[in-house]
Amino acid sequence: MSILVALPVLLPLLAAALSLAFNTFPRVQRVLGVIVLSAIVVDASVLLAHVDRAGPAVLRMGGYSPPIGITLVADRLSALLLLVSAVVTLAVLVFSIGQRITDYGRGTASNTFHPMYLVLCAGVALCYVTGDLFTLFVGFEIMLSASYVLITRRTTAQRVRASMTYVIVSLTSSLLFITMTALVYAATGTVNLADLADKVAQLPPGIRTSLGLFTVVVFGIKAALVPLHFWLPDSYPTAPAPVTAVFAGLLTKVGVYALIRTQTLIFTSEAIWTLLLVTALLTMIVGALGALAQNDINRMMSFLLVSHIGYMLFGLALYTEIGLTGVILYVVHHITVQASLFLVGGLITRHTGTVSLRAMSGVATAYPLVAVLFAIPALSLAGVPPFSGFVAKIALLRAGAESATFTAYLVTGAAVLTSLLSLYAVTKIWVGAFWGKTRPPYEDPDPTDEVTVGTGNTSRGMVSATAALVAVGVAIAVFAGPLAGISGRAANDLIDGKSYREAVLGAAR
Amino acid sequence: MTINITMAVLLAGLYSVGFYLLMQRSLMRVILGIVILGHGANLFLQVAGGPPGVPPFAGLSAPEAMVDPLPQAMALTAIVITFALTTFLLALAFRSFVLLGHDEVQDDVEDRRVGTTAERNDLVQEAAP
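In order, the protein sequences belong to chains A and B.
Each residue of the first sequence is one higher than the one before, starting from 1 at the first, in UniProt numbering.
Each residue of the second sequence is one higher than the one before, starting from 1 at the first, in UniProt numbering.
Quick caveat, the hints were computed from the structure, so don't treat them as lab data.
A few of these clues could be false.
To be verified - Output of the computed footprint for chain A on chain B, the stretches with three or more beta carbons under 8 Å from beta carbons of chain A: (1) 55-62; (2) 121-128.
Stated by the list, open to error - Pulled from the structure, derived: some chain B residues nowhere near chain A, Cβ distances all over 12 Å: (3) Thr6; (4) Ala41; (5) Leu45; (6) Met66; (7) Ala118.
Where a beta carbon is used, it is the ideal one built from N, C-alpha and C, also for glycine.
This is chain B alone, in the form it adopts within the complex (with noise of 0.2 Å):
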């Protein structure tokens, strides 16, 4: 299978936005790249069924000459569940919004633990002479 190369730089393109923006601090920026990374996962489904054709309906052309519905079925889905999850996605960060106060993604639990244990670590080396 070959792929056309602009389609090749956009998927590039939409993956690294979507996944620098998943490794940001901020929840709205975490959010965006979900959505970039979902468009971007959608696009290579739809990509991935081969070169553009005419609609598939049987009886109107010839087989050669159509484009293979099913990725597109696929991609459909994939789109349906996307968009429904990022509407979730959005609510719940209103919602740790509204509890919270701010859009920050915290530590991590562990993290939180390790980092009191060095502080105090620090504080008693400090102390000492």
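One chain only, chain A, in its complex shape (with noise of 0.2 Å):
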């Protein structure tokens, strides 16, 4: 069962080569990516059922017995997440198949999306397994490299700025990610997870509370905290739809998930955390209000993006079994609601051919279709019941309620707040572009880029494709119950963090 660990990050780096060979023939390529998510999508099923039943997952890597040699490991957690991004990716491929984003211009023929589209999954299926904090840089490395070249990818003058910021701070970030894991290495004399919850509970408080904070900061960047977020409602929008959707649903919630494992394995804490509360506070709020200030509708659902991962936030902060609960369930919702959110984007962007909330509008009598595909994440969002968004903020607010202090209360009151700020967010939204006149679609300011806009249709793929993820979100709340069994169990499992240590560590230790 244990190669199951491995096969999706061997899967798609293995398809990305053989995608690279036949560059010439763009419908291999496409039947080429299809199949291999689709096979992951399975893979990672099985590997949930059986991760849930018989207790994580452990491949060593050239035989190696921890914590020497490369480990992969699956548990509760990263299987759940490891298949949550495999739905996502794999409606994104559909989305962006049937946008012809995947094509250079029009009808010739691109090499670089699919083979760096696989890279991409790869990168991200690896940061969920990996075993040690050395394969983690790696990882977030493959992951952020074919990152770079999705949104450098045809850049015209007024996204090579933006597409510039991201790759510096980027860069940035994983430099200093460099710097911890030399730190850390120097304090413990090992980068196995595993190994590193044992060595750094020896260590003086001082060091482990620095080499905590650092681990927060380096995660955070890619995270986007506040005020780490600076660059990410400033890129993200800039890429064309399919590739913001994957990069806002997966790429933060990577960093999120490198904060959960190391902050419960690692540098576990035993009560409250006020500190990350407090940032947390402050990226709910700082995130909701610079939503209400945007007038382009990318731009605003980035800044929401930031503002939910406040939520993610203020769960691990309060290291309660309910609050990683909350956490797990937040992280699955909004995965997938904040990837639709950018598809449906996508989607009214080609038919209106504008992303200025002031100049388009009516396009729900033009477009009842899009109308209700929205209408569902945004509500799901802001924690409308009884969509996703509510179940997973129920069991947070509760967590919070529970956890009895001032900051914890006041911290759930912002919560509340912030569900009030994103529910007039996507309000927003709705009356600018859905309500009022109907407007004929705007010219495609630019013809000669990878991506038609303002036709007035849209193709069969791209709406199947975003009623599906649509789908995937209504299907969150309706199977809401076992979803809450599992992340309940997987919070466990984090909270202990023994059955983690003894599946890699062996049961002697």
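Both chains are sitting in their own frames, so use the hints and assemble them into the complex.
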């Protein structure tokens, strides 16, 4: 069974190589991408079922026994995130094939999108399943290098500045990551996460706290915590809709996952971490207020993304089982919902030819299906019952109320306020874009670039991919019971930490 | 673990020069900052392995005299990654130069919006007696 842990990393990498070899046959590339990502969805579901039944699956690369050598580990949390990410990447791939962003200009074949997209999927999967800090760095780099190529493909004068910011900020965070790995290695002499859990606990508290704070900064840049968020709303909206969707859905969540993993396994804390709680509060409020000031629909959703990262931090900072259950539910819900919102943003732009809320109107009359596809994830994001956001939010709010300290109450209040502000922000989009008199689509401002807009219609692939992702979001709410069950068990594993350590190092330790 | 004072001073120098250059307005200096910061980070990874020793070949020398090979392997990986990404960054900077005709880092969209609003307010105030 343990080979299942490696497949989500190996398959896309091999397929990327194959995809490059077939770069003059776009059809082969498309079919290959869809087949490989579907295979990973199957693989991840089997892995999740297995891990939930039999405990963490461990693969020792090269047969070295840990803590020596590279280990890949999938526990409930990684398997669950692997599954959700695989579903989202598959839907986004179908969408981008439908949008023909995969092709250069009009008609001629592109050879970069498919291989790079598959490499991105491999990097994300490696981050989820890796069992040591340095392989986590390598996973981040695989993912980020692919994302650099995807965001800078066919750059125009307007987009080159934003992608430059993205690349430089990400590179700086990677260099800080190397520094952090060096510090951790100097202090403990190991990079294996399970081994670190034991060794870091023996360090003097001052060194432990500084290392813990360093990890928060490094992963905080990736996860876009306020005040380390400034690069995100600036760079994400400039990429084509499917690329933004997969960045927004997955890349920030990988940062959040790394935070959860390191803060629960290695730098664990007995009580509430007030610093992280205050960061969560700032992230929620600053993101939501930033969203209200925007006119560009994609920028607005990017600020909403920042604001909702705050919820995940909030649950993590509480360090209780119910708090972490809420975080896991929230991450699962948010990956699907944020990705579907950006895809719907792509649909709207394709129809109307503009991203400006002031310029568009009457989408609901002209394209009722798009309105429905927007309304469901938007209400879900704001936490309106009975959608998936409600389930996740209620768990977090309960965790906050149960922790019963002043700061916890304060942040719980802020979480409710942020929900209202998010609802206000999506209402603003609704009023601006969907109501009013129907307008004819605007002309494509740059007919030479890779994305066609303002056609007044969309392809079947785009709509069905978005609809499928929205349906997954609805399914999360319908199957909230079993999902909360598995999230609870995953949170219990995280708080306990023993099953992970024993699975990697053996029961003797 | 103890660290050589020369290394500590050198690392401090590399990190401060790197971060200083990263804050500059010119894109070329930003890239040089990334390069120097990358050197610092990779050197740090090496230094984290402990004091120097003999090459770690099994059977040739006693394990106590050997240098720790793991940080060297990690540094090697990190060097390859920083090297490749620096090349990419240079290509991107060249593209930016071709498209925009200069290598200045431009203001953030939000900054520009705040700037134009402030300028408009100044004009309104000047117009009012």
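Right, here's what the structure says about each hint:
no. : hint    : in the structure
1   : 55-62   : violated (count 0)
2   : 121-128 : violated (count 0)
3   : Thr6    : holds (17 Å)
4   : Ala41   : violated (4 Å)
5   : Leu45   : violated (4 Å)
6   : Met66   : holds (14 Å)
7   : Ala118  : holds (15 Å)
Violation of the numbered hints given earlier is confined to hints 1, 2, 4 and 5; the remaining hints are satisfied by the structure.
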